[in-house]
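Engineer: In order, the protein sequence lines correspond to chains G, V and Z.
Note that the first sequence covers residues 1 to 144 in our numbering.
Note that the second sequence covers residues 145 to 645 in our numbering.
Note that the third sequence covers residues 646 to 1054 in our numbering.
Hint data in this document are derived by calculation from the structure and do not stem from the laboratory.
Where hints are given, some of them may not hold.
Dumping the calculated EDC-like pairs for lysine to aspartate or glutamate here, alpha-carbon to alpha-carbon at most 20 Å [claimed, not checked]:
#1 Z:Lys-1043 - G:Asp-50
#2 Z:Lys-956 - Z:Asp-1028
#3 Z:Lys-1049 - G:Glu-63
#4 G:Lys-29 - V:Asp-161
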Amino acid sequence: MKRVYVNEKWCLGCHLCEYYCAFASTNEKDMARALKDIRIHPRIRIEEKDGISFAVSCRHCDEPLCVKGCITGALTRKDGIITIDRNRCIGCYTCILSCPFGAVSPSEDGAIQKCELCIKTAGGTPKCVEGCPNGAIVFEERGE
Amino acid sequence: MAVEYIYPDYEIVRDYDRCIVCRVCERQCANEAHEYLSDKNKMVADNAKCVNCHRCVSLCPTRALKIVKSDHTFKENANWTGKSIKEIYKQAGSGGVLLSSMGNPENYPVYFDKILLNASQVTNPSIDPLREPMETRVYLGAKPERIERDEKGRLINNLKPQLKLSMPVMFSAMSYGSISYNAHESLARAATELGILYNTGEGGLHEDFYKYGKNTIVQVASGRFGVHKKYLESSAAIEIKMGQGAKPGIGGHLPGTKVGEDISKTRMIPVGTDAISPAPHHDIYSIEDLRQLVYSLKEATGYTKPVIVKIAAVHNVALIASGIARSGADIIAIDGFRGGTGAAPTRIRDHVGIPIELALASVDQRLRDEGIRNNVSIVVAGSIRSSADVVKAVALGADAVYIGTAALIALGCHLCRSCHTGKCNWGIATQREDLVKRLNPNLGYKRLVNLMNAWKHEIKEMMGGMGINSIESLKGNRLMLRGVGLNEKELQILGIKHAGE
Amino acid sequence: MKYVIIGNSAAAVGAVEAIRKNDREGRIVIISNESYHTYSRPLISYLLLGKTDENKMKYRSDSFYSENGCELMLNKTAVRIDPDKKTVLLDDGQNVSYDRLLIATGSSPFVPPVKGLEKVKNKFTFTTLDDAKRLESVLEENTKVLIVGAGLIGLKCAEGISRKKVETVCIDLSTRVLSSILDEEGSEIIKRHLENNNISFFLNHQIIELSENTAILDDNTEIPFDVLVMAVGVRPNISLLKDIGGKTNRGIVIDERCRTSIPDIYAAGDCCECIDVSSGEMRVMALLPNAYMQGECAGMNMSGADYVFDKAIPMNAIGLFGKHIITAGTYAGDVYYEADQENYKKLFYSNNKLNGYILIGNIEKAGIYTSLIRERTPLDTLDFDLICKVPGLMAFSKEERACKLGGIA
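Okay, chain G solo, but in the shape it has when bound (with noise of 0.2 Å):
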């Protein structure tokens, strides 16, 4: 399946993917108007240190630690994709202490939130890689 691969060769760290995914998670269609004004909250993250930076979002794991350790059922895989039932999540933050990735994150209303690869929403492409301004994020089918 196609996946998003972060390559840190070419991340510039300029923070834009995660400005697309907080639009992303809006309905609005102007991004100006769903984030003036307000601190986002993206489901991918830039780690940055020394001219080194890199976006880690969920890897959408094959063994999901989360999806197995999650005492609600909120967090599934379903056609290799990773979502979360928000409904459902109550916030215990197993999926925190599981995710070897630190991709899963705790949100505004005390859910967890994390990449649910937006390609619905988006057109069939994730809105980070749509606007990565570099190529550093990708979102391709490998050999696995």
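Start from chain G and add chains V and Z according to the hints.
Structural biologist: Same frame as chain G, but now just chains V and Z:
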């Protein structure tokens, strides 16, 4: 400084209704023109630092930014323009030579824009390139004067080494040093995929790029940087650089700050030393001297590669070209006064040399008149901006063209002409690691390939319109050209008729 | 092939999902002594808190059993296993035959013998949905609740019932709250936080005698209460295997394929003990993620695959009145320490390995520490100083990052 003589040329206009304070402008500006005020959670800008490269504008996700020309003005004066006055302020302050980058931006005539192409109507049918084969392939190199046969009547192959190009365009000389590793990689990979050539410039060839050798022209310039046997062997052709359109008559200077580990190795000079290319080749003071270098290089490579001699288009260009055509060189490259550079003294760039269109026409004519046109191929450079310029250049007599600036624009260059600062925000004309990585060759080479493929399509369309199905039939076919708004003398030099004739 | 699973919680579900990866045909029989669709036990406190409801508590969708072809036997208790005949005797006298059996019986609350306990009318334990429902039914505003046990169950109960505006007192023999998962300083932080949320504590005390509405402590303090919750701890339900001579300690002993000492009988979840890789010792690690993964491992092996689960470690993610705690592993070795008003962090390491950690407050990216423990990652292969301060992939080598994120160097 108490007196600030110079008001910034550009203003960074921010639409605060659209700015979401993502700070990408701040992170992406190597000139540090943008600043984040944390106490106000607001972005501000320092116009004086802006070079108008559009990096921030292009990356701003909400289109909150634009750069406008300042309307701050001096009292109107047709003679003493604001530009002239500012330059005097600068020099009065610094005492130094003014430096500039890229090509001559001044308001001289652009002859390509005063030449129009022909198209077939009624009597000679045009050709639809989507339905019929259309040949854009060219071979560069000396062509034999006659067919030779041995005593048994068999053909003797007397063809000298040729360069095969899928279309009559190549990427012109830009050194590793003046442009980045990633820019070089983009050019090399694009040339390989396209079946054309790129040119190392005078900075030597990074080992990583030896593998693109079949599509590489290596340059031998007055500084002889990075020239060694393997360098010469890892190429399709060797170019002796006698001059450059952007700065005819002077040498080059890569500041020591740009000479890092990799460039030092590639250029074969110590880290941190200035790389100075002398104005002349100190061993070339005549056509005979040039001939010696041409044959030295041929000898060194076993007569397997064409040798190109590149000169700037200057006043006596036809005479000089005639000499070169007799020197043993296989190709003459002529670089017009609009040609680009990573850094040149402003006065040289803007006031020395002649337009490539005139130089080309006169060289082609002269070589024909002397019956030596087939000794050499002619490649022209110096602001080929579109496929139309390519077609016009070929009709004026060129075998192929070099593009430099156009290629860089495809890679993202916005012609801010600040290459000499070394802080190219697009990762092209810089060696700063954080900036170089902004040009991802995986994306860059595709853009170059796209551009060339687009041009190739357009060239075919234009050729088809003229009823020509092979680029060779267009070469020197000046009947296909007409001038508009040109005087008799110009038409005479260009060897074309005026529109309506 | 006929699979029988005793138990209907996380381990059982893990087993069903694993079995169905390998065997779409075999019969799966699930025996549960409760009357509910599989639900998540840790959610009972959230139920009282109103953050979930009985429907949302279902651990898997309503169609789970039908989709996975499971025969569900509710309200049946397995009484005895006959390993020779390969049958399970139920409390109603039925014998259920099996080819492969999974014991996923979980644990039961431990109620210590206290003088006068029988006099208390409103006494509860707090591990099942029925417990929660019964407890909720007696709570009113200002009801005085005495919780015995300041561990995970007791404190989650305290939080859960807080919505009812009850007066909660918590007593524990230990000197600290959450003594099984926190160190002293961490316990103190949480205790203060709970006190700020109107929970009172009597620590380092035990009840010597109970009457219907009063508890007398060892220092003769009398604590009046309306409702008593016994949350001292749980004991693994091991008797089914122990009775037939299977190997047990505190829990049923299983290997890394979740096999018990008796052929074709597997065990998983809170009823088991297995190797804790953070300490190398056998331990009961009664927590849901391990239960699921053991169940999954058992299911894989029961249905013919060769599957190893050897990465169990103690770990807990718990929130109490908005304060989050994540802990994992064993608290032994050298210590990295960092704390401010809101946050507390301790990492324990020795012999080039991370053994355990405690995070209170800022718990972001805790899983990166968990994985260092679980994978026994040699700490000299990464920037340990950095990862102590900032958990992240930055601390790993460039190659390791490329491997994790899929970058091509």
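Engineer: Compare the structure with each hint and give your call.
Structural biologist: Here is what the structure says about each hint:
1. Distance hint between Lys-1043 of chain Z and Asp-50 of chain G is fulfilled; the C-alpha atoms sit about 13 Å from each other, no more than 20 Å.
2. With a C-alpha separation of about 23 Å, the suggested pair Lys-956 of chain Z and Asp-1028 of chain Z falls outside the 20 Å cut-off, and the hint is violated.
3. A distance of roughly 14 Å separates the Cα atoms of Lys-1049 of chain Z and Glu-63 of chain G; the hinted pair therefore holds under the 20 Å criterion.
4. Straight-line distance between C-alpha atoms of Lys-29 of chain G and Asp-161 of chain V comes to about 15 Å, which keeps the hinted pair within the 20 Å bound.
In summary, the structure is inconsistent with hint 2 from the numbered list given earlier, while agreeing with all the others.
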